[in-house]
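There are 2 protein chains.
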Amino acid sequence: MWDRFLRACRREPVDATPVWFMRQAGRYMAEYRKIREKHTLLEICKTPDLATEVTLQPVRALGVDAAILFADILLPLEPMGAPFEFAAGEGPVFEAPVRTAAAVERLRVIEPDELDYVLRAIRQIRGELDGKTPLIGFAGAPFTLASYVVEGGKSQNYANAKRMMYDAPETWHALMHKLSEVVRRYLRAQVDAGAQAVQLFDSWVGALSPSDYRDYVAVHVRHILADIETTGVPVIHFGTGTAALLESMKEAGGSVIGIDWRVPMEQARRRLGADVALQGNLDPLLLPAPRSLLTRRIDEILAGVGPGSGHVFNLGHGILPDTPPDAVKWVTDTVHERSAR
Amino acid sequence: MWDRFLRACRREPVDATPVWFMRQAGRYMAEYRKIREKHTLLEICKTPDLATEVTLQPVRALGVDAAILFADILLPLEPMGAPFEFAAGEGPVFEAPVRTAAAVERLRVIEPDELDYVLRAIRQIRGELDGKTPLIGFAGAPFTLASYVVEGGKSQNYANAKRMMYDAPETWHALMHKLSEVVRRYLRAQVDAGAQAVQLFDSWVGALSPSDYRDYVAVHVRHILADIETTGVPVIHFGTGTAALLESMKEAGGSVIGIDWRVPMEQARRRLGADVALQGNLDPLLLPAPRSLLTRRIDEILAGVGPGSGHVFNLGHGILPDTPPDAVKWVTDTVHERSAR
Numbered sequence: 008m009w010d011r012f013l014r015a016c017r018r019e020p021v022d023a024t025p026v027w028f029m030r031q032a033g034r035y036m037a038e039y040r041k042i043r044e045k046h047t048l049l050e051i052c053k054t055p056d057l058a059t060e061v062t063l064q065p066v067r068a069l070g071v072d073a074a075i076l077f078a079d080i081l082l083p084l085e086p087m088g089a090p091f092e093f094a095a096g097e098g099p100v101f102e103a104p105v106r107t108a109a110a111v112e113r114l115r116v117i118e119p120d121e122l123d124y125v126l127r128a129i130r131q132i133r134g135e136l137d138g139k140t141p142l143i144g145f146a147g148a149p150f151t152l153a154s155y156v157v158e159g160g161k162s163q164n165y166a167n168a169k170r171m172m173y174d175a176p177e178t179w180h181a182l183m184h185k186l187s188e189v190v191r192r193y194l195r196a197q198v199d200a201g202a203q204a205v206q207l208f209d210s211w212v213g214a215l216s217p218s219d220y221r222d223y224v225a226v227h228v229r230h231i232l233a234d235i236e237t238t239g240v241p242v243i244h245f246g247t248g249t250a251a252l253l254e255s256m257k258e259a260g261g262s263v264i265g266i267d268w269r270v271p272m273e274q275a276r277r278r279l280g281a282d283v284a285l286q287g288n289l290d291p292l293l294l295p296a297p298r299s300l301l302t303r304r305i306d307e308i309l310a311g312v313g314p315g316s317g318h319v320f321n322l323g324h325g326i327l328p329d330t331p332p333d334a335v336k337w338v339t340d341t342v343h344e345r346s347a348r
Numbered sequence: 008m009w010d011r012f013l014r015a016c017r018r019e020p021v022d023a024t025p026v027w028f029m030r031q032a033g034r035y036m037a038e039y040r041k042i043r044e045k046h047t048l049l050e051i052c053k054t055p056d057l058a059t060e061v062t063l064q065p066v067r068a069l070g071v072d073a074a075i076l077f078a079d080i081l082l083p084l085e086p087m088g089a090p091f092e093f094a095a096g097e098g099p100v101f102e103a104p105v106r107t108a109a110a111v112e113r114l115r116v117i118e119p120d121e122l123d124y125v126l127r128a129i130r131q132i133r134g135e136l137d138g139k140t141p142l143i144g145f146a147g148a149p150f151t152l153a154s155y156v157v158e159g160g161k162s163q164n165y166a167n168a169k170r171m172m173y174d175a176p177e178t179w180h181a182l183m184h185k186l187s188e189v190v191r192r193y194l195r196a197q198v199d200a201g202a203q204a205v206q207l208f209d210s211w212v213g214a215l216s217p218s219d220y221r222d223y224v225a226v227h228v229r230h231i232l233a234d235i236e237t238t239g240v241p242v243i244h245f246g247t248g249t250a251a252l253l254e255s256m257k258e259a260g261g262s263v264i265g266i267d268w269r270v271p272m273e274q275a276r277r278r279l280g281a282d283v284a285l286q287g288n289l290d291p292l293l294l295p296a297p298r299s300l301l302t303r304r305i306d307e308i309l310a311g312v313g314p315g316s317g318h319v320f321n322l323g324h325g326i327l328p329d330t331p332p333d334a335v336k337w338v339t340d341t342v343h344e345r346s347a348r
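Residue numbers (my numbering), protein chains in the order written: chain A, 8 to 348; chain B, 8 to 348.
Be aware that one or more of the hints could be misleading.
When chains are identical, the list treats them as one kind, so a pair holds in a single copy or across two.
Claimed, not checked - Dumping the calculated SDA-like pairs for lysine to any residue here, alpha-carbon to alpha-carbon at most 25 Å:
1) K336 - R170
2) K53 - D222
3) K257 - P217
4) K257 - R277
The hints are simulated quantities; they were obtained by calculation from the structure and are not laboratory data.
Please construct the entire structure, taking both the sequences and the accompanying hints into account.
Structural data, given as structure tokens:
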């Protein structure tokens, strides 16, 4: 069933639970590492031929039910005026963290054609997939993007981002407004280019209390998702460490809510109700576990979410670099088999 | 009311909500930094005169309702056979991570007299406090300690600890059993030496799914807490990122459950019921926030937990080094004022 993934996002009946994996294209695959020997991450993102090849690798190798565009959530930040580099083993490092009203003022609200290479990659991937597998586009959510530009890279506790929220809420909201408007335009352009679903990655929003989410984040997510929902494509709203935020995230938007491994699917279903699809939620560190344990955890997930309800099987976060590819393939097949109706 | 803190732990009526802060003794205080100029962290821990002085500094400066022993959760690991150093800016680094059955086998289940300097510090602090402020002892919980010895230091995703759980559950349980028996004896010795309450720090347990908590952690926490509860002193059971684990943590033990800022107190109370006290839960990064916002968040916490029910005001995690001390004092006073009955 070519549209198993899209049907599950819409809570329509499916022949088996669809499967894809965050970071299904990545360093755990020999095919990917071979390309990375010759090209940087950003070169791959900016070269549609390479981005297309890397996007298709896991579709061919794993038989997953969706392809996801190979790109990076930080790509819009460079043309906005916040350039960064990937330091070896450290993640992104920004030349100049954005921490003042003046620095926020200088950020440009770009048009998506400044990320034309992404849109060209989407068109090329759609051509190659030839209607056999749907393609997911994506973007970072404003809080997660803001956390990178304000901190200047990865962070343990988001001290600078929270300081801006609390001490200078107008500056914070101005930053979030710029980011959310860019993300809105960018996701819309991805849909126009052919993305058949999109995922909004609010990977680090779990650092916030529900009060802070309500006061400093929700309105900006809604600004994006209310618009994208009018396109008719499914929107997956994802974060980690969000056990206390799930209801707020659903309220902010999304036809599918991403659940990390910390929340049992049965609880997520009970709390979020039947009018939304769920995506998740295997701990990525379970992929290399003994197959008997892995089967038990897969069964807990499938049983927890309940039969017939919209469920997209995925991990709670991305595949880690030292994961054995055969385990990823085995989980894909096992979920299909054990959920077949 | 000298025993406001102990009464709140026991859910008895109090004149005002008691307040203490995790890491209330620490680098944010000039008095502490002065001692740290001349002594390492471990020297302070191992010298009862210094540990006593540092423990008393925030009691004098802030007027908090409890003192907490100045020590480190990792102290038992050195005599067990897993020595470590504090690398500048990096946290602890273990000489040899414990990752095999043989390495677990070599760990010694020590008697608390090998940590005699802690017990002497407790007796000295009790003498100095002279019945005016109760003293909290503490230890790391077995999962959090295991995460350090298996990873060899701090970790982002606990990959090695989880690998041991999943691939070698007997080795994992052997490690957890040794750690929990040491912690049980150590906390009991702290109570015998005069600790009037104890806190079990399972700071990193929020990395686990409820299934993993049930299968790999709960029995070991119960081994400790079932015994300590027979001493009659209140036990605070604390973790961060535990929004999906609170019920499991309560089941594993503790007369007070520590709540981090991610879970609204009103929700924690609803989920955990009235038969347990709650501790928390201000985001430490709110301490330097404008006073109007801080007051609002304090009021949300006080209202959320409900009047008359057992509540110990605290942060969701420790005070950060660049926190202004006057903000900590202001929060202490404000909680007392706004909760006065």
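Against the structure, the hints:
In the homo-oligomer, the alpha carbons of K336 and R170 lie at most 25 Å apart only across protomers (19 Å), although the nearest pairing inside one protomer, at 44 Å, exceeds that limit. Neither within a single protomer nor between protomers do K53 and D222 lie at most 25 Å apart by alpha-carbon distance, with minima of 36 Å and 45 Å respectively. Taking the shortest alpha-carbon separations for K257 and P217, both the intra-copy value of 13 Å and the inter-copy value of 22 Å come in at or below 25 Å. For the identical chains of this complex, K257 and R277 are neighbours both inside a copy (13 Å) and across copies (21 Å), given an alpha-carbon limit of 25 Å.
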